Amino acid sequence: MKTNKLLTLAVGSFLVLALILSTLMTACAAKPEAETPVATPGKAEFTWTLQSAYPWGDLSMDRLPKFAARVAELSEGRLKIDCYPGGSIVPVDDTLRALGKGVFQVTTSSGGYWEGYIPVGSIEEGLPFLYRGFGTLEQLDAIMASGLTDLYREVYAEQNAYYVGHFSYDAYPCIMSKVPIHTLDDWKGVKIRAYGPWADFLDRLGASTTWMPGAELYMAMKLGTIDVATYDCFGPIGFKLYEVMDYLILPPFADHAISNMLVNMDAWNSLPDDLKTVFSDAYLEYYHETYDAYHEHWASDINQAAALGYEVITLPDSDVAKMREIAAQQWNDYAEKDEYCAEAIKLAKAFYGIS
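The opening position of the sequence shown corresponds to residue 316 in this note's numbering, with each subsequent residue numbered one higher.
Worth flagging that the hints you see were computed from the coordinates, not collected in a lab.
Note that this is a predicted model, so its numbers are computed, not measured.
Do not take every clue at face value.
[As the list claims (entries may be wrong)] BS3-like cross-link-like pairs, simulated, lysine-lysine; straight-line CA separation at most 25 Å:
no. : residue 1 : residue 2
1   : Lys637    : Lys591
2   : Lys555    : Lys381
3   : Lys416    : Lys591
4   : Lys493    : Lys503
5   : Lys493    : Lys506
6   : Lys416    : Lys395
7   : Lys395    : Lys358
8   : Lys395    : Lys381
9   : Lys591    : Lys537
10  : Lys358    : Lys591
11  : Lys493    : Lys395
12  : Lys395    : Lys591
13  : Lys506    : Lys637
14  : Lys637    : Lys503
15  : Lys664    : Lys652
16  : Lys537    : Lys555
17  : Lys664    : Lys637
[Said to hold, decoys possible] Cβ pair distances, simulated, as ranges:
no. : residue 1 : residue 2 : range
18  : Asp588    : Lys637    : 37 to 43 Å
19  : Gly504    : Asp588    : 33 to 39 Å
20  : Glu654    : Ala413    : 22 to 28 Å
21  : Leu538    : Ala622    : 22 to 28 Å
22  : Gly392    : Glu600    : 17 to 23 Å
23  : Ala359    : Gly521    : 55 to 61 Å
24  : Tyr399    : Gly521    : 46 to 52 Å
25  : Ser670    : Tyr399    : 26 to 32 Å
26  : Gly504    : Gly392    : 55 to 61 Å
All C-beta atoms, glycine included, are put in the ideal place defined by N, C-alpha and C.
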């Protein structure tokens, strides 16, 4: 009897041990369930704020949340960006200075906004007929790579900002008018919203220019505060300016006007190299996708004119030739503003083989 009890205990112990071993082996062999990527423990995490110079409704602003989501995805949650439109934190005119002081860490803006204290900003944004190659980014990227990007980085570094890079609005400006403009003489006395180099160019054509944020254009045209608005090609449909405009005036003054993406220099330097790469890769995706969307809008602005209730007017070739002559003089005048402007125009002329 005693022997049977011992045998029973031994068998029972063996079965328990076998069950434990089987459970452990199964646990080791099982594949873990897929999990949402989270920040790696021990690696620094960053939360940044972005204030654009542009309002909601502007195509480049509207696409920034997708850019921020892409940064978060590529960084596995280690770099997060909260996006705000122009004027949310500081007035649009104060955007660059606030960025330099670290009020926020990122902005998308236009160099022409700061021409009062950074003259080369107007050249960066694009003097008339400076950036060429409608419908493609190849020539724009080539001229920027010829030395202009390095120059702009040097300039913005003085404002404690890192120049990540440019992106294109496509052809600029989209000229939305309540009055017909059939010849260059028709510009004389016209009240028009423009800024930076485009305002200077229109002043040379005899127009009366003023500046206001893009968010104010609809009411300004509706109330007659201005006769003409200049904006990127998103304006007619995106801002519903087709409701208050009667004419779209062609051609634009340049095949490209560029905006920029800037990061506070201290914030940029605080990022580890892998997150700098993540940010730069997401910026490049944003750049190409945004440009493609702008280019599609140009086609819509022209092809849907009749349906939306405005007329397309194209200036004659002889007037366009005169515009190019005026632009050539403008280039030379801007080259005299300071050493950075002189270098920018020198690089541009060398790229195009202009003496």
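So, going through the hints one by one against the coordinates:
1. Lys637 x Lys591: 45 Å, violated
2. Lys555 x Lys381: 23 Å, holds
3. Lys416 x Lys591: 20 Å, holds
4. Lys493 x Lys503: Distance ~14 Å between lysine 493 and lysine 503 Cα, so the pair holds.
5. Lys493 x Lys506: 10 Å, holds
6. Lys416 x Lys395: Status holds; Cα separation ~20 Å.
7. Lys395 x Lys358: 14 Å, holds
8. Lys395 x Lys381: Between lysine 395 and lysine 381 the Cα gap is close to 12 Å, so the pair holds against 25 Å.
9. Lys591 x Lys537: The given pair, whose Cα atoms are some 45 Å apart, is violated under the 25 Å limit.
10. Lys358 x Lys591: Roughly 14 Å separates the two Cα atoms, so the pair holds.
11. Lys493 x Lys395: 43 Å, violated
12. Lys395 x Lys591: 13 Å, holds
13. Lys506 x Lys637: 21 Å, holds
14. Lys637 x Lys503: 15 Å, holds
15. Lys664 x Lys652: Cα-Cα ~17 Å, so holds.
16. Lys537 x Lys555: With Cα atoms ~11 Å apart, lysine 537 and lysine 555 stay inside 25 Å; holds.
17. Lys664 x Lys637: Since the Cα atoms of lysine 664 and lysine 637 sit roughly 19 Å apart, the hinted pair holds (cutoff 25 Å).
18. Asp588 x Lys637: 37 to 43 Å: For lysine 637 against aspartate 588, whose Cβ atoms are near 51 Å apart, the range 37 to 43 Å is violated.
19. Gly504 x Asp588: 33 to 39 Å: 55 Å, violated
20. Glu654 x Ala413: 22 to 28 Å: 26 Å, holds
21. Leu538 x Ala622: 22 to 28 Å: Holds, since leucine 538 and alanine 622 (Cβ atoms, about 25 Å apart) stay within the stated range.
22. Gly392 x Glu600: 17 to 23 Å: 18 Å, holds
23. Ala359 x Gly521: 55 to 61 Å: 56 Å, holds
24. Tyr399 x Gly521: 46 to 52 Å: Since tyrosine 399 and glycine 521 have Cβ atoms about 38 Å apart, the given range 46 to 52 Å is violated.
25. Ser670 x Tyr399: 26 to 32 Å: 46 Å Cβ-Cβ, so the 26 to 32 Å window is violated.
26. Gly504 x Gly392: 55 to 61 Å: 56 Å, holds
Against the hints set out earlier in the document, violations occur for numbers 1, 9, 11, 18, 19, 24 and 25.
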